[in-house]
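Protein chains in written order, with this note's numbering: chain S, 195 to 513; chain F, 195 to 513; chain W, 195 to 513; chain V, 195 to 513; chain A, 195 to 513; chain L, 195 to 513.
Honestly, the hints are just simulated from the structure, not real lab data.
Predicted model, so just to flag it, every value in this text is computed and none were measured.
Among these hints, one or two may not hold up.
The list treats identical chains as one, so a pair stands whether inside a single copy or across any two.
Keeping only pairs whose Cα atoms sit at most 20 Å apart, straight-line, the calculated EDC-like set for lysine to aspartate or glutamate is [claimed, not checked]:
1. K264 x E298
2. K509 x E407
3. K509 x D376
4. K268 x E249
5. K220 x E249
6. K220 x E493
7. K366 x D376
8. K245 x D229
9. K501 x D490
10. K509 x D383
11. K254 x E493
12. K254 x E315
13. K254 x D206
14. K268 x E255
15. K264 x E455
16. K282 x E504
There are 6 protein chains.
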Amino acid sequence: MTNRLPRIADLDAASAGWGFFLCARKEVRTGRSGDYLAIVLQDVSGEIRAKVFQEVDALKEEFDAGEFVKIQAKGNAFNSQLELIVDKIRRVMPARDAAEGFREEECIPCAPRPVDEMWAELQGRLAEVHDSQLRDLLMRVVSANADRFRIWPAARQVHHAYRSGLLEHVLKIIEIVTFLADAYGARRDLVIAGAILHDIGKLRELEYDITTEYSLEGNLLGHIAIGSAMLRDAIRDTPDFPARLALELEHLVLSHHGAREMGSPVEPMTLEALLLSTADELDARMQQVRRHIANDGSEGPFTSYHKRLERSFLKPSAS
Amino acid sequence: MTNRLPRIADLDAASAGWGFFLCARKEVRTGRSGDYLAIVLQDVSGEIRAKVFQEVDALKEEFDAGEFVKIQAKGNAFNSQLELIVDKIRRVMPARDAAEGFREEECIPCAPRPVDEMWAELQGRLAEVHDSQLRDLLMRVVSANADRFRIWPAARQVHHAYRSGLLEHVLKIIEIVTFLADAYGARRDLVIAGAILHDIGKLRELEYDITTEYSLEGNLLGHIAIGSAMLRDAIRDTPDFPARLALELEHLVLSHHGAREMGSPVEPMTLEALLLSTADELDARMQQVRRHIANDGSEGPFTSYHKRLERSFLKPSAS
Amino acid sequence: MTNRLPRIADLDAASAGWGFFLCARKEVRTGRSGDYLAIVLQDVSGEIRAKVFQEVDALKEEFDAGEFVKIQAKGNAFNSQLELIVDKIRRVMPARDAAEGFREEECIPCAPRPVDEMWAELQGRLAEVHDSQLRDLLMRVVSANADRFRIWPAARQVHHAYRSGLLEHVLKIIEIVTFLADAYGARRDLVIAGAILHDIGKLRELEYDITTEYSLEGNLLGHIAIGSAMLRDAIRDTPDFPARLALELEHLVLSHHGAREMGSPVEPMTLEALLLSTADELDARMQQVRRHIANDGSEGPFTSYHKRLERSFLKPSAS
Amino acid sequence: MTNRLPRIADLDAASAGWGFFLCARKEVRTGRSGDYLAIVLQDVSGEIRAKVFQEVDALKEEFDAGEFVKIQAKGNAFNSQLELIVDKIRRVMPARDAAEGFREEECIPCAPRPVDEMWAELQGRLAEVHDSQLRDLLMRVVSANADRFRIWPAARQVHHAYRSGLLEHVLKIIEIVTFLADAYGARRDLVIAGAILHDIGKLRELEYDITTEYSLEGNLLGHIAIGSAMLRDAIRDTPDFPARLALELEHLVLSHHGAREMGSPVEPMTLEALLLSTADELDARMQQVRRHIANDGSEGPFTSYHKRLERSFLKPSAS
Amino acid sequence: MTNRLPRIADLDAASAGWGFFLCARKEVRTGRSGDYLAIVLQDVSGEIRAKVFQEVDALKEEFDAGEFVKIQAKGNAFNSQLELIVDKIRRVMPARDAAEGFREEECIPCAPRPVDEMWAELQGRLAEVHDSQLRDLLMRVVSANADRFRIWPAARQVHHAYRSGLLEHVLKIIEIVTFLADAYGARRDLVIAGAILHDIGKLRELEYDITTEYSLEGNLLGHIAIGSAMLRDAIRDTPDFPARLALELEHLVLSHHGAREMGSPVEPMTLEALLLSTADELDARMQQVRRHIANDGSEGPFTSYHKRLERSFLKPSAS
Amino acid sequence: MTNRLPRIADLDAASAGWGFFLCARKEVRTGRSGDYLAIVLQDVSGEIRAKVFQEVDALKEEFDAGEFVKIQAKGNAFNSQLELIVDKIRRVMPARDAAEGFREEECIPCAPRPVDEMWAELQGRLAEVHDSQLRDLLMRVVSANADRFRIWPAARQVHHAYRSGLLEHVLKIIEIVTFLADAYGARRDLVIAGAILHDIGKLRELEYDITTEYSLEGNLLGHIAIGSAMLRDAIRDTPDFPARLALELEHLVLSHHGAREMGSPVEPMTLEALLLSTADELDARMQQVRRHIANDGSEGPFTSYHKRLERSFLKPSAS
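Isolated chain S, as found in the complex (with noise of 0.2 Å):
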């Protein structure tokens, strides 16, 4: 068996080989005779679902969640879902190998657009900003979190549960609601401002190295509060800077889930708001539409239903 296994994408019931994925979660399971194990692997282009029936004790310890393995497997078609059987699978050696095509950022799942590029058009927009005491203040939460903001996820799982997804987001964010405050006579600095700064709090709410967690703030706080005090820091390092729009754009933040049930303290109460939480939550559930399309391996006109949008959707035609 000397063949490589291909992106995940591009796997069917017939694939078989060797390959390198980074296992994203890893479980085990009870049948007759003992335990199994059932796992998610990833790599850029998709994840898959797969299982280990052979030496499951040894296994259980050999590598965890969160870790790139090499596996040797074959695909498996499932209640019409396709799976893997994995018959080795071990921890990746880095060095070694690498000699054989291992490369991290083919096994990490990623935003689609280069991070590069999503960097210095979200620097392009920080420049349209008119207002310079604004201006000001938002580059400087973006520059003294770029490192995160650079490569961060949005979500540990529902949205843009990805390397790179909150920027991809927050770029998203930042095209319709400009787009929308010219189309209702709205303040484009806000919303700007607004979009940038909404989800900040993710920065810190968040633990993310290559697979995601909350952090001990994160559960306590939420990212509403806590971006609401990185914001609160940066405007008080920042002299002279408007109270009245110090409260605005806290009432953004404070404000983006659009209501109390969705854990928002205070609800929408400016055209900004209103216009920042329904890009929020209108690109949130697009993403989640789109990529449960695109990963979808039903037959027939719908895909699989979907628990979190409690419904189908309608694939689109072949034409």
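Using the hints provided, position chains F, W, V, A and L relative to the given structure of chain S.
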């Protein structure tokens, strides 16, 4: 008292004189020695509450809601809100009053943009539709309903509740959904079609003749079912209209309220249906909020409480 | 092993032998050394779960859900519920197996009453309608859809989910609403019409061919909108059909789920619509409860928990 | 002014004269120079609002809600609804006013059917119960409470809120549940018992003496708990009453509101309890709707808005 | 009329004379010949509604809500509730009226316990905190805000809506949560800190100067976010404050409404946060109920209906 | 393998040996070659999951949930949670196994405090009741039900679901409500009575004999209605018991779930009922949270997710 009152938007507590208005609502209320009339007057610039204390028994029959009236009145501050105290009021006699400057169109609330300009924009949008079968269908629906489509309000009370409000609403939605379709890779033709068709049932759900009421079929069927039937009628008259496109169009009409509890019997299952329902809700909300802010006469940084949206809004600062 | 298995309703843990059944569902599940098949078998008397542990890879392709199968199996008590352990299973070969006693109609779940008897009752009900225009309309709708109306199930899973279940459901509703119409002075003709028409859209919402699935238009439009369109088509072909009667009929179809959150775009506004939606919900619920009690195999005075209705039910006492 | 006013159901704006009525509610409201009385008058045919503008201070103490009054008044159209403007009003002096035609029973709202006829029907229903122990129990409960059961209203305001309304409600429910029990194979004896017992607690929850109020125990315990206790008391006095039957009867009383959020501490777990709660809710709703339609004085095809049921209803067409 | 009116708590329908009060609310209402004033008067013992029918136009400008007034008035029973009919009313002239007995503090609603006594209790509670860093932090926050903390109300309307109401509320919560912390093995220091800090944001959310209004930041941010920021500011000024303790304190502030739909962006995740949110809700509710019962003037065993709590309450029996 | 296993609370992955436990639950699950047993074992120190893979068919009948078993087993880490893999298992033979150290009371989950100590505390609380009629009533109820009251659990699963859990729950509530009654001026006697009586119906709602199940009347009536009936029976046997006190006691029982959607047919209308429902909910919640934290075996600062409470909890820090 020979002064003519200014437009409603320009009235203040010191205003006094005569003028022509539309009486939009009329109600009898009770005081110690009998009843008084509480009415709402409108002109093209807005609306205002007024009270009539004299000769109420006679006036009960003298004019009705939905009629133009000539009044003599003076401004009055009532709990920080402006109202008119009416001394004399009678039904307009068009022939005679025209000589004194009565112009029907100046007394009717109406969309801010000229209807001809909006209609031309709609034609331009129709021409943008690439698929010729779909474009023909839309043109046929629009032409067949042109008389109503040009002047119909979008609702009895909630939003765009004035002459040509539906057209204004549809154009704004087209502007938004075409932008969003490009942003998310959805089909432009379909979202334009959805924007034009989604409220088409309101042309029969509502009866509009200066004032707006629900029709018999409007109450029993609702504009979603009526619009769906109007679309089917139009498709039936179109030879060889593609079956799947027909289904997707009807899905756009049926799902445009976004959720079952909002009155949509099915929920959005395509990208285009998701974008349309988001844009529809956003435009309705933005129009309500902007109008509430514009009409607000209260002191302080916040508007009065908006009952339907259950909050106050921050007024733009002076600067 | 030359015994023939009894009907499903008569199986017990000591049963062993061969038999013919419909395989209604088929799913692969995972154990330590690979997968097994979890299937559901049906015949005219009920349904039962079964498991296949042998030659699973081969059997994955050997037969599908929706096909008739011949099996060799034995009973097994599993957490106090009866199941079958299948040793052999293959697709039925109709010609050959007929000789051994395979009868398609004995393997298909189906309403308890003979379809011809129910169809005759429906004709009798139609003849009871006094208004000749309405009676003609109903007869036309029923005749035009007779092939499907005779055999269609009322749902894919919830209630009356078997051959001729829709017809059984409609007849029971007619029985109830005519009684209630007399009790409350509502119009008999209208409630009969509502009972016949309310679910007519299910003839196109569902595809039924031994098993039941949602159609493309079923998913995108739902049976309420489809039924409303079918009614309109029929009325269009009826010269001089009274406009108000047409509206009331369509209102019955649109409002029959009783509330917007249940999927009705309008809520009942006539006595007849109130009675119809009450009878529809009652009959669906009673059928679920009676079937749940009848199929229950648990010990003790209460049935197992009914997930959809969120409770257990008291079983009738022995006496 | 020597005319006697017609019954309330026959009043119009031109009516003027004197008459005897029950004053059902009485409230002081405020006008510029002091207060006026807003009252509600009832007779056997219906109820109407009235206003008293004169000698209010004196009249505040002159009569109370719950007393019979003699008035002199004239009709008045107020926002398209009829009301009475009262010139004179005083408490009835039974001895003296009898000579002028005062009859208490003509001033009290009351069920449309004669109470003796309804009582006889109830006895007939009791005789239909097959199980002799159950029949004896029901007869004992009914006899012991006969004085109240004959005349009690079913509610203070919502439905059947008049003399003998409870009896009317119980009989209608018996009619429906016996029919439904036959239709669904449920036990006739049990549903008759449930219909008779379900609201028995209202005989102590409400105090009725022309007007209706909640009693102390009514507020603190509610009619469900009171009825359950009354049932237990009766069973305790019945030697050898079967334990399981006792439980099922109490379950019927406790679960008859159908759901916990409606005030039932347990939800229906038997066919009979499901039928009873459906029939109870249906009868309450039908009575409200029919009465709302009957009393409606608005123009156009729809009634005024029904606040509790949150909609308007279609009025029967003239034909 | 030379009598001085008694305190509000001691007024009855026979009271007549003059007195000094705070005018807490003032609204113009409409009667037949124009308008009257509906006002609310307060003193240290309670509040009462009053009406002014004379010289309304002049009085509209003569005094405002939030000012002290001298009135001449008499008691009046209005629908079983006491009110005042005001004959004369003017703004207080402090210098002159002091001579007649005007004392500002007697006209302002205020917590029942003396503020100095409550302040001393708070100091004692602070001293009970064992952890010196935490104790220092709390003392610093309390000192820095002492002026407001001594006199601030806890709300604009709902509960403890009077001078020093916040302090009263905090002390009662400390009493309860220290007891509960001992009962459930939670940390005493933390619950005391939570009780003191949880509503600290109200010192900036509300503006209080005899009457209470929301501030600009109060509306836009809410007291939970403001309080969280105040806590962070204080911690920043505390060298070496433990990071985990800081997180737990902020969690207490953020989660103290107990649920997201109540406005808390995170829900309680520690024993202390659970106890704090329970005690906060309980104290708010008990204060409302006790005050409602104390102020109730209705007859019978139950109070009038409490709109926010949606029920009546049983009044203590005489015995 | 001659080691005896430690108590459940002291097991780890390296544990191996034999021991005596209560088998609390037993379920058959399916693997490829047949079934295995998933069981739950308990002793006085806690509970643990275990699996039996061998001789399953034989063992299906060998012992049941609710029986004591002797096992031979070893520890196993499964998804970071400890479980036991059972090699041998058989029903305990009390006579023989006593010799090896089987003690029934060491295998039964039970409240942490000795029952005699708790019972004495309850007697002390009863003696604190001032009103002699009430004290006598409570003593009679407690004595009459002493056998069950001493050992009953408070629930089948949610909270205090072990031997004497109800008594523990009642004592904690008495501790809290007497404190709160003093804090808010409520009646001590009444809250003690409410604490003792509120769950008295659980003595008949649940059947407890090592394991806990709902009784027939428990399912059909629920503990609120049963408790109310038990209270009435006791009052009936008490000559001259004050009627109002009886009502208030029954109100405490009926309203103690605090809201109708929680199963209380009436909502708290007295201070005492408010305090009781608050304390009841608080104690149930605190017990769940404390137990969840105590039993948690996950890594990191937070517990695993608590499904019923829908969140994780912060574990106490090491310090």
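Okay, the hints, checked on the actual structure:
1. K264 x E298: within (12 Å within a copy, 52 Å between copies)
2. K509 x E407: between (32 Å within a copy, 17 Å between copies)
3. K509 x D376: For K509 and D376, only the inter-copy Cα distance (18 Å) is at most 20 Å; the intra-copy one is 33 Å.
4. K268 x E249: both (17 Å within a copy, 19 Å between copies)
5. K220 x E249: within (15 Å within a copy, 28 Å between copies)
6. K220 x E493: between (28 Å within a copy, 15 Å between copies)
7. K366 x D376: both (16 Å within a copy, 12 Å between copies)
8. K245 x D229: both (11 Å within a copy, 11 Å between copies)
9. K501 x D490: Only inside one copy: K501 and D490 sit 13 Å apart there, 28 Å across copies, limit 20 Å.
10. K509 x D383: So K509 and D383 pass the 20 Å test across copies only (17 Å; inside, 38 Å).
11. K254 x E493: between (35 Å within a copy, 16 Å between copies)
12. K254 x E315: neither (44 Å within a copy, 51 Å between copies)
13. K254 x D206: For K254 and D206, the Cα distance is within 20 Å only across copies (17 Å; inside one copy 27 Å).
14. K268 x E255: between (23 Å within a copy, 18 Å between copies)
15. K264 x E455: neither (44 Å within a copy, 47 Å between copies)
16. K282 x E504: neither (37 Å within a copy, 38 Å between copies)
The structure shown violates the earlier hints numbered 12, 15 and 16.
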